[in-house]
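**Student:** Given next are the chains, with one letter for each unit.
Number of protein chains: 2
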Amino acid sequence: MKQNIYDNPVFFKEYISLRESGVTYNDFVEQPAIKSAISSLKDKSILDLGCGTGHFAQYCIVNGASRVMGVDISRNMIDQAKKKNGHEKIEYICTPIEDLDLHNQKFDLIISSLAVHYIEDYSQLIVKVKSLLNKNGEFIFSTEHPIVTARNDMKNWVKDSKGNKLHWALDNYQEEGTREQHWYIDGVIKYHRTISTLLNTLIDNGLILEKIIEPQAIPSGLVQMPKLVNEERRPSFIVIKSRSLS
Amino acid sequence: MKQNIYDNPVFFKEYISLRESGVTYNDFVEQPAIKSAISSLKDKSILDLGCGTGHFAQYCIVNGASRVMGVDISRNMIDQAKKKNGHEKIEYICTPIEDLDLHNQKFDLIISSLAVHYIEDYSQLIVKVKSLLNKNGEFIFSTEHPIVTARNDMKNWVKDSKGNKLHWALDNYQEEGTREQHWYIDGVIKYHRTISTLLNTLIDNGLILEKIIEPQAIPSGLVQMPKLVNEERRPSFIVIKSRSLS
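Chains A and B supply the protein sequences, listed in that same order. When the letters of the first sequence are read in order and numbered with our numbering, they come out as residues 2 to 247. When the letters of the second sequence are read in order and numbered with our numbering, they come out as residues 2 to 247.
It is possible that part of the hints are untrue.
Which copy is meant is left open, so a pair is good if it fits within one copy or across any two.
[Claimed, not checked] Calculated pairs, DSBU-like style, for lysine-lysine (alpha carbon to alpha carbon, straight line, at most 30 Å):
1. Lys83 / Lys36
2. Lys228 / Lys156
3. Lys212 / Lys129
4. Lys129 / Lys228
5. Lys212 / Lys84
6. Lys212 / Lys131
7. Lys160 / Lys228
8. Lys85 / Lys160
9. Lys212 / Lys107
10. Lys90 / Lys156
11. Lys166 / Lys156
12. Lys212 / Lys36
13. Lys36 / Lys163
14. Lys85 / Lys3
15. Lys212 / Lys136
These are calculated hints, taken from the structure and not from any lab test.
Could you build the full structure based on these sequences and the hints that come with them?
**Tutor:** What follows is the structure, encoded as structure tokens:
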């Protein structure tokens, strides 16, 4: 299933409003972690899988990348990206990641920010990523942490009668597959995979693991979004950095 | 702190009785997983960190290992090992893993079964392991899963009034350090570390990650210990295989 929630008008409006606020998990937890994992952007060719409105593509160019290809399933996102983050060194392509066919193109760095949990066939994705990496190329991605996606009903914080968070409810860890969630709209589908599946699939396809990050909030994030203190109690995301030696 | 619960007479008696029953998490979950990760034992020199009563050392010899060194902090354990699993190709040493000093000895395989969560300084352990591995040598260890060790009070299964397990309570994930537990005796200390710490410390010390296993019970285990079905809900253990290329 190739899910395109971002072209749902209700979702898109809410999502853009959230991201433009600059006060999000992305801004204070996920993006700082994924950026910290990048060795260098200078003169690199970059593929961004699930590029959204092109903020990261623009960030790459500002930091010296030679070219960026941004891929997204959503026509709304790609239109915004071209409008707000267009650049002669950036090419935006509107296609599901699963259908991307770039023939013999290769990249020095492939990034994917919070898109992998929407993709059903993780193994096929990693085969594709490996085939698109130059020798010594890096693949860095973030995804929702398996601790977060595990429980079938995705009801996680258990609270007391006053609304205080008592603990995080985990269950169904080994049951990989779909999880359905309400996020602005009903029926948002994510795929739960275990830590071992996330990592072994990379290893089995010839990628070397270089770093695992379970990020906490940056200090300014804790000030602007006090609830991010809960990232200490359970990580929302995991960032995985790997490298192709061949 | 070098903890030696195994020389506490109450603990030792209960532990030996449990292990001799053959109906344990070790038999049905952890040992099958750790054994499945071993490439080969044939003609290999092996170091077993936390060897207990020497079952695994004996298993190595039966499967063709050239020599085994078994290390354990407990005099009780080492005495049992020599008595029950003695062999001319096995050397048992009674010392805390932290104090082990083997000068220039090297091994093809270093194994550690459920001992790492008792060791305070994980980084120092990994430096030592790396120094003791031959080129291409493997380090395979099991430890309690961070999902299990995370919550400070280690009260994990939340049950309804009838005793049914509702979910697993997780908390305090990013707070690495001691966790205290009652296990036959009060005050058993374990060390919680995150997934990222467990893995990055290996990578940062020059070891290549080869496999991560979050084991479930083997089929015969589910028959003899029906509660092992709960391993599907959350993994008790994690097994990590790495290799030294230099």
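**Student:** Take the hints in turn and mark each one as holding or not.
**Tutor:** Outcome of the hint check:
In this assembly of identical chains, the alpha carbons of Lys83 and Lys36 lie at most 30 Å apart only when taken from the same copy (22 Å versus 53 Å across copies). In this assembly of identical chains, the alpha carbons of Lys228 and Lys156 lie at most 30 Å apart whether taken from the same copy (17 Å) or from different copies (24 Å). In this assembly of identical chains, the alpha carbons of Lys212 and Lys129 lie at most 30 Å apart whether taken from the same copy (21 Å) or from different copies (21 Å). In this homomeric assembly, Lys129 and Lys228 never come within 30 Å of each other (Cα to Cα): the closest approach is 37 Å inside a single copy and 40 Å across copies.
In the homo-oligomer, the alpha carbons of Lys212 and Lys84 never lie at most 30 Å apart, since the shortest distance is 34 Å inside one protomer and 44 Å across protomers. For the homomeric pair Lys212 and Lys131, the shortest alpha-carbon distances inside one copy (17 Å) and between copies (18 Å) are both at most 30 Å. For the identical chains of this complex, Lys160 and Lys228 are neighbours both inside a copy (14 Å) and across copies (27 Å), given an alpha-carbon limit of 30 Å. Proximity of Lys85 to Lys160 under the C-alpha cut-off of 30 Å is found in neither arrangement, the shortest distances being 41 Å within a copy and 51 Å between copies.
Taking the closest pair of Cα atoms, Lys212 and Lys107 come within 30 Å of each other both inside a single copy (22 Å) and across two copies (27 Å). In this assembly of identical chains, Lys90 and Lys156 lie within 30 Å of each other by CA distance neither inside one copy nor across copies; the values are 43 Å within and 54 Å between. Proximity of Lys166 and Lys156 under a CA criterion of 30 Å is satisfied in both settings, with 12 Å inside one chain copy and 16 Å between copies. Taking the shortest Cα distances, Lys212 and Lys36 sit within 30 Å of each other both inside one copy (13 Å) and across copies (26 Å).
Neither within a single protomer nor between protomers do Lys36 and Lys163 lie at most 30 Å apart by alpha-carbon distance, with minima of 38 Å and 48 Å respectively. In this assembly of identical chains, Lys85 and Lys3 lie within 30 Å of each other by CA distance solely inside one copy; the values are 26 Å within and 59 Å between copies. For a Cα distance limit of 30 Å, the shortest separation of Lys212 from Lys136 qualifies both inside one copy, at 18 Å, and across copies, at 22 Å.
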